[in-house]
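Chains as they are written, first to last, in this note's numbering: chain Y, 4 to 221; chain L, -6 to 243; chain W, 153 to 375; chain C, 94 to 163.
Calculated from the structure, these hints are not laboratory results.
Wrong hints could be hidden among the right ones.
Unchecked claim - Between beta-carbon pairs, the in silico distance windows are:
hint	chain 1	residue 1	chain 2	residue 2	range
1	L	Phe(-3)	C	Ala127	56 to 62 Å
2	Y	His84	L	Ser1	23 to 29 Å
3	W	Gly357	Y	Gly125	29 to 35 Å
4	Y	Ala113	W	Asp174	28 to 34 Å
5	W	Thr166	Y	Lys151	22 to 28 Å
6	L	Ser1	W	Arg155	46 to 52 Å
Don't be surprised by glycine CBs; every beta carbon is placed ideally from N, CA and C.
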Amino acid sequence: MLDVTDLACRRGERDLFSGLGFQLPARTLLHVRGRNGSGKTSLLRVLCGLLRPDAGSIRWRGENIRELAEDYHRDLLYFGHLNGLKADLTGLENLRIASTLDQAPVDEDAIIEALARIGLEGFEDLPTRMLSQGQKKRVALARLILSKAPLWILDEPFTALDVDAVEFLQQLISAQVADGGSVVLTTHQEVPLTRGAIQRLTLGETVDDLDAATPAAH
Amino acid sequence: MNWFKLASPAAFYPFAGRLIPRFGLAALVLVLIGFDWGFFLTSDQLGGSNPQKEYYRIIFVHVPAAWMSMWLYLVLAAWSAIGLVFNTRLSFMMAKAVAPTGAIFTFLALWTGALWGRPSWGTYWDWDPRLTSELLLFFLYIGYIALHSAIDDTRRADRAAALLAIVGLVMVPVIFLSINCPDPTQCASLHQRSDPGSIHLSILIPMLSMTLGFWAYSFAAVFARLRTIILTREADSAWAREVIAQEART
Amino acid sequence: MFRVFYCVLARDITLAMRRRTDVLTTLFFFVIVVSLFPLGVGSEREQLRLLGPGVVWVAALLASMLALERLFAADYDDGTLEQLLLTGQPLAVLVLGKVVAHWLLTGLPLVLIAPLVAMQYHLSPPAIWVMMAALAIGTPVLSLIGAIGAALTLGLRGGGILLSLLILPLYVPVLVYGAGAVSVSAIDIADTEPYLSLLSAFLLGASLLAPLAAAAALRISLE
Amino acid sequence: MMAFFSQGGYGGYVWGAFGMTFGLLLIEILQLRASQRKTLTRLSRLLRLRAPRQTASSAGRAQGTAGTKS
């Protein structure tokens, strides 16, 4: 469904990657790996359409995402380094606004249930600034439960989560893939899938690094 | 000559290099003609309904500088728009290269305007609509340059400054309207209304010659700045390496 | 579409209501600047009456500009702005929602407090009404144009001072006709009509174009 | 000659205007020259520094393609 050809990205004076191409069919998880600074986050932002690539094209269901613009974003859920929560709003309010803006408004009960499933029962009416790092992350991840988007792009979703939450997230991701969706994610964690395929993509190091020993492509 | 080829920095770099001396020479000749004519072939005094003494000669630099400042802002905004629409790198570099020269001409228009105003109106600064417009144009140039230099990422700097230039261009007519007609029902508050047809030929010729000279100068200066920008940004490419190696030897 | 507009509007107002001091800061800044002028230029009534319109408008310009710095910055810092860009809604509509909320929180209070500061300058009652009308039409234009600048300077060091450099020249038309309307009202109240219609034209133009420009600027700044 | 310089007593204004104009343009030319020279030396130094490494590793780019494992 996602079709990437000859993608190149420069940040500042540095080439992050070039000539990158892959296809991501439905029921597939793409696991992007690479060292710090190898351009993982940039790649995900390019895939979201937040960052304009220097060359190459990205097609979603056969159409360029530049032309799809908002239509593409409706099919997409992006989870970045920042949680995207307003600290002064409660978890409930945050999720209600997020779902309204995604044009898939859900009722309050669904949100409360989602928060309960991710282990935040009783916290829904607290401003998120009162929550711990991990709890904030959980609130943000509750968007995944509510989302109906076929494409998830997740940047390091496992950091700051405890063992239970990691396991729960793994289940969510594997359910998304099993339901016919696609997931792109960066993580150092393995994601076991019940059904569907895993692709691996390793962004190579710049050869300027002295101890660069990893081959450029897998 | 294939003009589309010149859109690539690699082709434009040597092309600009060849043009700089020609424009420089043209600028020198035209400015000298304008200067010579203006000082030796025109009368010392300006008669008519608005008698002026020798200080009127300031208009031989004031008017050309003011014209250039506005023309260069148009050029700046045009290249910015082309860059944003077609996403061509060279257009952004062109816009960036134009800005300082435009700002200099704007400053000169203000400076010479003030020096003309003192003997003419008895004050260095009067809120004359044309001078005030120049002042605001100067702020627009400064804004463009400041925004561009405040952003580290080249691409964001190019695009953000380009958008600002276009917003500025859209606002310019409104700003000029508000300055020229603070009272919307009547707009005739200019200190001196000038009608191009009534300007004496002996005044018009040096003024035009000077304008063309400034125009040629702008080409030379902008191309020179552009070449440095191109080289800095393309330093990683093969052709730029050759050029750098070559020019470093000479 | 109206639904997302309303959602963003309600969100920003809820947020501001949880941090009420931010709203009051802008208001008091306006009041303080206006109150300082008579101390500087002397308190002669006739002089104050002449200066009043200009001073109030310049203060409004500065107040609205200072508040603008925060328009997108908070959303940028916590990542919600990124999410707004990816909502699958026309970004210009979301920007318009944010700008309207911003005006309700920073512009509207200025309009409402205008009679108070106008009295400091001994403006006549009709002039006060004209000033309120001019501020009510003019300050949204300031918020709209300012949003472009706020989006362009997002996340830059020294963003606030840079913002003023970029935006203040663009505020000139609003300043000229806003203050002009109040000055003219001292002579004949009917003369203010062309001023107010020009301001309304600016408001119409700005509300059509500025959200598009600000949305484009946000896309550029978030790359 | 004196008349030329005094400009009927308005010499200060006239020469102030022309002097600033030609002075500023001259400064711009000199500044452009200097910045060009500075850029060239900086870039050529950079190239010399990078050159030995560049040949050792043939290309300074990272590349990646995806392969499928089920």
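For this session: Take the C-beta atom of Phe(-3) (chain L) and the C-beta atom of Ala127 (chain C), compute their distance, and say whether it sits inside 56 to 62 Å.
Result: 34 Å, violated
For this session: Evaluate the given range 28 to 34 Å for the C-beta pair formed by Ala113 (chain Y) and Asp174 (chain W).
Result: 33 Å, holds
For this session: Using the beta carbons of Ser1 (chain L) and Arg155 (chain W), state whether their distance is inside 46 to 52 Å or not.
Result: 47 Å, holds
Exercise. When you take the CB atoms of His84 (chain Y) and Ser1 (chain L), is the distance between them in 23 to 29 Å?
Worked result: 37 Å, violated
Exercise. Using the C-beta atoms of Thr166 (chain W) and Lys151 (chain Y), is the stated range 22 to 28 Å upheld?
Worked result: 26 Å, holds
For this session: Please test the hint of 29 to 35 Å on the beta carbon pair from Gly357 (chain W) and Gly125 (chain Y).
Result: 51 Å, violated
Figure legend: structure checked against the earlier numbered hints; hints not met, in rising order: 1, 2, 3.
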